[in-house]
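There are 2 protein chains.
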Amino acid sequence: MLGRLNHVAIAVPDLEAAVRKYGKVLGAKVSQPLALPDHGVTVVFVELANTKTELLEPLGEHSPIAAFLERNPSGGIHHMCYEVDDIIAARDRLRDQGVRVLGDGEPKIGAHGKPVLFLHPKDFDGTLIELEQV
Amino acid sequence: MLGRLNHVAIAVPDLEAAVRKYGKVLGAKVSQPLALPDHGVTVVFVELANTKTELLEPLGEHSPIAAFLERNPSGGIHHMCYEVDDIIAARDRLRDQGVRVLGDGEPKIGAHGKPVLFLHPKDFDGTLIELEQV
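Residue numbers (full-length UniProt numbering), protein chains in the order written: chain A, 1 to 134; chain B, 1 to 134.
Treat each hint with caution, since some may be false.
What the hints assert, rightly or not - Residues on chain A that point at chain B, a partial pick, calculated with CB under 7 Å: (1) Ile10; (2) Gly23; (3) Leu26; (4) Gly27; (5) Gly110.
What the hints assert, rightly or not - Calculated cross-link-like contacts (lysine-lysine; reagent style DSSO-like; alpha-carbon spacing at most 27 Å): (6) B:Lys24 with A:Lys108; (7) B:Lys122 with A:Lys24; (8) B:Lys52 with B:Lys122; (9) A:Lys114 with B:Lys29; (10) A:Lys24 with A:Lys122; (11) A:Lys29 with A:Lys52; (12) A:Lys108 with A:Lys122; (13) B:Lys29 with A:Lys122; (14) B:Lys122 with B:Lys108; (15) B:Lys52 with A:Lys52; (16) B:Lys52 with A:Lys122; (17) B:Lys122 with B:Lys29; (18) A:Lys52 with B:Lys114; (19) B:Lys122 with B:Lys24; (20) A:Lys122 with B:Lys24; (21) B:Lys122 with A:Lys122; (22) B:Lys52 with B:Lys29; (23) A:Lys114 with B:Lys52; (24) B:Lys52 with B:Lys108; (25) B:Lys114 with A:Lys29; (26) A:Lys122 with A:Lys29; (27) B:Lys24 with B:Lys52; (28) A:Lys52 with A:Lys108; (29) B:Lys29 with A:Lys52; (30) A:Lys29 with B:Lys122; (31) B:Lys108 with A:Lys24; (32) A:Lys52 with B:Lys122; (33) A:Lys114 with A:Lys24; (34) B:Lys52 with A:Lys29; (35) B:Lys114 with A:Lys24; (36) A:Lys52 with A:Lys24; (37) B:Lys24 with A:Lys114.
What the hints contain is simulated information worked out from the structure, not anything from laboratory work.
For glycine and all other residues, C-beta sits at the position ideal for the given N, C-alpha and C.
Use the sequences and the hints to build the structure in full.
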């Protein structure tokens, strides 16, 4: 069921500083910042040969990463996103096996414009998993 | 400088349970457990199309992930490993820019039999970064 690792998302308190570290210091290719007000984040993509690291900074008053940054003021790895072919089939299969799907279980349109769901980190060893239909 | 994302490592309190979740529940291809006593972990590789997730369980009395699991008893994402061509050149470049390399700064032979170094998480938004020479 699991396809590619689409990205690993890191919540950062200072996007400009993080971009400097990944770009100038680590020598990775980084995108321009992209404000996604509907998702409450500004994102920078660190383009790797096989996948992406996404640097997320809160945007607006209801950012989904604000609480995480309150608990982890220095930042930290927020979630991992895996690709699936059929997100409804994936959701139903997971629910049948007792996995808790966050929210109302209906896929939302994610930051890449594709349907996504999040799985409860308590069901996966403290790891917040995003599934994205590709 | 940064090459591929080699793996994301997740520390888990119960490897058998984690293997069941990634294998049976999420439907990923998982390896047999591999005991690495020199590295203080037993590892299972979750084989994705483009990279790997590594599930790590402490092994022995001096496991490098024991303290992490004491702080995070349910488990959690422990580190991200990026590939580099030349680990000595990478280390020197990073040090020149003020990044703290963990330990004595000499590469160790990592769990894949290749030279590795770890970078201080406080220099990368709370993310422990492993560099592996490939």
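For each hint, the structure was consulted:
1. Ile10: 6 Å, holds
2. Gly23: With a minimum Cβ separation of about 10 Å from chain B (threshold 7 Å), the hint on A:Gly23 is violated.
3. Leu26: 5 Å, holds
4. Gly27: Where the cut-off is 7 Å and the nearest Cβ of chain B is about 3 Å from A:Gly27, the hint holds.
5. Gly110: This interface hint is violated because 18 Å lies over the 7 Å limit.
6. B:Lys24 with A:Lys108: 25 Å, holds
7. B:Lys122 with A:Lys24: 17 Å, holds
8. B:Lys52 with B:Lys122: Between B:Lys52 and B:Lys122 the Cα gap is close to 25 Å, so the pair holds against 27 Å.
9. A:Lys114 with B:Lys29: Answer holds: A:Lys114 to B:Lys29 is near 25 Å, not above 27 Å.
10. A:Lys24 with A:Lys122: Cα-Cα ~36 Å, so violated.
11. A:Lys29 with A:Lys52: The given pair, whose Cα atoms are some 10 Å apart, holds under the 27 Å limit.
12. A:Lys108 with A:Lys122: Distance of about 21 Å is within 27 Å: holds.
13. B:Lys29 with A:Lys122: 21 Å, holds
14. B:Lys122 with B:Lys108: 21 Å, holds
15. B:Lys52 with A:Lys52: This hinted pair holds, its Cα atoms lying about 14 Å apart.
16. B:Lys52 with A:Lys122: 21 Å, holds
17. B:Lys122 with B:Lys29: Violated: B:Lys122 and B:Lys29 sit about 33 Å apart, past 27 Å.
18. A:Lys52 with B:Lys114: 23 Å, holds
19. B:Lys122 with B:Lys24: 36 Å, violated
20. A:Lys122 with B:Lys24: Distance ~17 Å between A:Lys122 and B:Lys24 Cα, so the pair holds.
21. B:Lys122 with A:Lys122: With a Cα-Cα distance of about 26 Å, the restraint between B:Lys122 and A:Lys122 holds, given a limit of 27 Å.
22. B:Lys52 with B:Lys29: Holds: B:Lys52 and B:Lys29 sit about 10 Å apart, inside 27 Å.
23. A:Lys114 with B:Lys52: Distance ~23 Å between A:Lys114 and B:Lys52 Cα, so the pair holds.
24. B:Lys52 with B:Lys108: 21 Å, holds
25. B:Lys114 with A:Lys29: Since the Cα atoms of B:Lys114 and A:Lys29 sit roughly 25 Å apart, the hinted pair holds (cutoff 27 Å).
26. A:Lys122 with A:Lys29: 33 Å, violated
27. B:Lys24 with B:Lys52: Given that 27 Å is the threshold and the Cα spacing comes to 17 Å, the pair holds.
28. A:Lys52 with A:Lys108: With a Cα-Cα distance of about 21 Å, the restraint between A:Lys52 and A:Lys108 holds, given a limit of 27 Å.
29. B:Lys29 with A:Lys52: It holds: about 21 Å lies between the C-alpha atoms, which stays within 27 Å.
30. A:Lys29 with B:Lys122: 21 Å, holds
31. B:Lys108 with A:Lys24: Judged against 27 Å, a Cα distance of about 25 Å means the pair holds.
32. A:Lys52 with B:Lys122: 21 Å, holds
33. A:Lys114 with A:Lys24: Judged against 27 Å, a Cα distance of about 31 Å means the pair is violated.
34. B:Lys52 with A:Lys29: 21 Å, holds
35. B:Lys114 with A:Lys24: 25 Å, holds
36. A:Lys52 with A:Lys24: 17 Å, holds
37. B:Lys24 with A:Lys114: 25 Å, holds
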